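Engineer: Okay, here's what each chain looks like letter by letter:
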Amino acid sequence: MSAVIQSRADRLTRQQISQQVLPGASVPWITDLREAAFSQFESSGFPTPRVEDWKYTNLKALQRQIFRFPTLPVIKVTERDIGPAIIPDLEVYRVVFVDGLLDERLSQLQEIQSKIHIASLGDQLRTNAKDIEPHLAKYADSGLNGFVSLNTALMRDGIHIHLPKNVVVDKPIQLIYITTTQNDATWFHLRNLIIAGPNSQASIIESYISLSDSVYFNNITTEVSLAKNARLSHYKIQQEATQAFHVALLKIQQQQSSQFSSHSLAFGSKYSRNEIRSELSAQGCECVLNGLYHAGERQQVDTLARVDHLAANGISREYYKGIVTGKAKAIFRGISYVHPDAQHSDAEQKNNNLLLSPYAEVDTKPQLEIYADDVKCSHGATVGQLDEDALFYLRSRGIEKETACDLLTYSFAKEITDRIPLAPFARHAEALLKNVLRGARNLEDLR
Amino acid sequence: MLRIKNLHVSVDNKLILKGLTLNVNKGEVHAIMGPNASGKSTLAYVLAGHEGYAVESGEIRYNEHNLLELSPEARACEGIFLAFQYPVEIPGVNNVYFMKTAVNVLRKKRGLDELDAVDFMELAKEKMRTLEMSDSMLKRAVNEGFSGGEKKRNEIFQMSLLEPKLALLDETDSGLDIDALKVVARGVNALRNKERAFIVITHYQRLLNYIVPDYVHVLSDGKIVRSGDRNLALELERRGYAWLQGEQAVA
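Each protein sequence line maps, in turn, to chains L and Z.
Under our numbering, think of the first position of the first sequence as 1, with each following residue one higher.
Under our numbering, think of the first position of the second sequence as 1001, with each following residue one higher.
Quick caveat, the hints were computed from the structure, so don't treat them as lab data.
A hint or two may mislead.
[Said to hold, decoys possible] Label pairs and their computed distance ranges (CB to CB): (1) Pro421/L with Asp1116/Z: 26 to 34 Å; (2) Lys327/L with Ala1117/Z: 38 to 46 Å; (3) Lys327/L with Ala1242/Z: 35 to 43 Å; (4) Arg1003/Z with Asp389/L: 24 to 32 Å; (5) Glu369/L with Pro1091/Z: 29 to 37 Å.
[As the list claims (entries may be wrong)] Here are some of the chain Z residues that sit facing chain L, going by a computed Cβ distance under 8 Å: (6) Ile1090; (7) Val1093; (8) Val1096; (9) Gly1175.
Keep in mind it's a predicted model, so treat the numbers as computed, not measured.
Note that CB positions come from ideal geometry on N, CA and C, so glycine has one too.
Chain L on its own, in the form it takes in the complex:
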């Protein structure tokens, strides 16, 4: 059992970390990796607004917070507790993490283990580290920012999936991360590693839910590697509790003609950051990033989506929409980077925001950097309000103002959910969005 240690991130010491029982402690390359990552964290700390990728982000509340390392879950999570993450009419292979640790009782690992390699990353680090040595921390650079450094130094569990060559997984794999902690301010450093072999295909869903109303911090790093012709669809629903911090990096490396898509919904938490970075490392890759965020009250929702075209004939799409109300703040930064060898790249980027309150804020920065001369690239960003004429049109038919606003807001967002190929997931997303809109309105009424 680890000692209970509380610390602000910037006052964390090696000695405190050494008292934690972290998996892989007897494996030299893992301890070296953790040591090096912690040194990086010590010198960089959390990102500041001086760093371009974090310019509009306010991390003060996170920096001031004293966090403690997790103890074993106190609450025994039941099937009912994970209900909010269940997607109607969708059969999945389910894997559940409770307070940062895999819960075998609620998971269906055996069903799928005959087809692919899937294991707790903690177990993998403890018992079979050599299999992941060529991959772990090879795609997500520990020095990228303080969150990744800290994650690498302190990672405890997560999922490891390895899809063998030519395997097509018949159902989506759903990873449900549920937080139950009732203690003050616990942090969890989750690490996922997904390796897709040549010609393999799978869909992976990450769902974040909570039974907690206390402060906690999920710091997640997910590394994905797609071999030649592999296809991976990644879905994410973030519905963390109102006091939660959620910082996630999804780093993808794509080999020749591989296809990656991300469909992400960010609705919950006090502060969330979704950072997706994909490298199209070889010819003919495709990367589609599609996302929707909603922030109300004093929420802050932060998105960074970057695609690096490193080789020719790559296609990338970034479609993000946001709804911001109350005193919330949304930040979007999109980057399409076309490197000199990436001729015939096709990159498109769109970010549209609906600003529903005079106190809300949106900072959006779409960006193209192009160093090849034969490419097709476009970008655009908008921040707007509901169309007054459309609102009047609906009201003139007897529809109440609030309902009309919701209807227009919903129709604004529907462009994103319409792009989700997994129909039950799209329907679930739409139902969640309706709830979020209704909830936000009720809160506005009370103000």
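Since chain L is already given, all that's left is putting chain Z on it; use the hints.
Structural biologist: Showing chain Z alone in chain L's frame:
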């Protein structure tokens, strides 16, 4: 039913209606004609409750209500319907969903049971047949990608579903070819009865060949300068508006 008295209305601080008075009783069809920029559409928007139109003075009584105190949705519930000159496109909102919501809001207000999806579709399809509309329009987003004629038909379709007490048709004839005009007029005439009143706003007398009005009013520079029966419309067709504008200047 409708009593408008000495109405002054401004848009963006510019006075558009300058003392308009008009009475409409149930069952009557009133045509409002007039040159461009005389305030015809302003009258329609004010009656429907658009917040961009500021009532400076005057009053509007509608049945037992002070109309100016009611929100646009409350006016719709009281039976006022505006067929827009430029119906708004609303991508992402399905036509069926939109109209079913609107119909049920009104039915609830009138103490009727809400229609379920099956009953609504039956009703909608019946109304669409009268207007020679294809069922596919129901499945599309509200007015999105509709041609000018389809949009106008969709307005009359909505009107026939919502069964208003006072219908305002704002240049419903503009952008319609003669065949579409006849279909739309037939849809309107099918709704005429002893209880329902219409205010038909138009530039041209052509529409009034098909929707025959009880009264014709000429609006010029924010006021009604002449009222008469349908012969007035015919005279306008012959002589234009200039002689009335001149008359006003002399007066």
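Engineer: Each hint should be assessed against the structure and marked as holding or not.
Structural biologist: Tested hints:
no.	hint	verdict
1	Pro421/L with Asp1116/Z: 26 to 34 Å	holds, 31 Å
2	Lys327/L with Ala1117/Z: 38 to 46 Å	holds, 39 Å
3	Lys327/L with Ala1242/Z: 35 to 43 Å	violated, 58 Å
4	Arg1003/Z with Asp389/L: 24 to 32 Å	holds, 29 Å
5	Glu369/L with Pro1091/Z: 29 to 37 Å	holds, 32 Å
6	Ile1090	holds, 5 Å
7	Val1093	holds, 5 Å
8	Val1096	violated, 13 Å
9	Gly1175	violated, 17 Å
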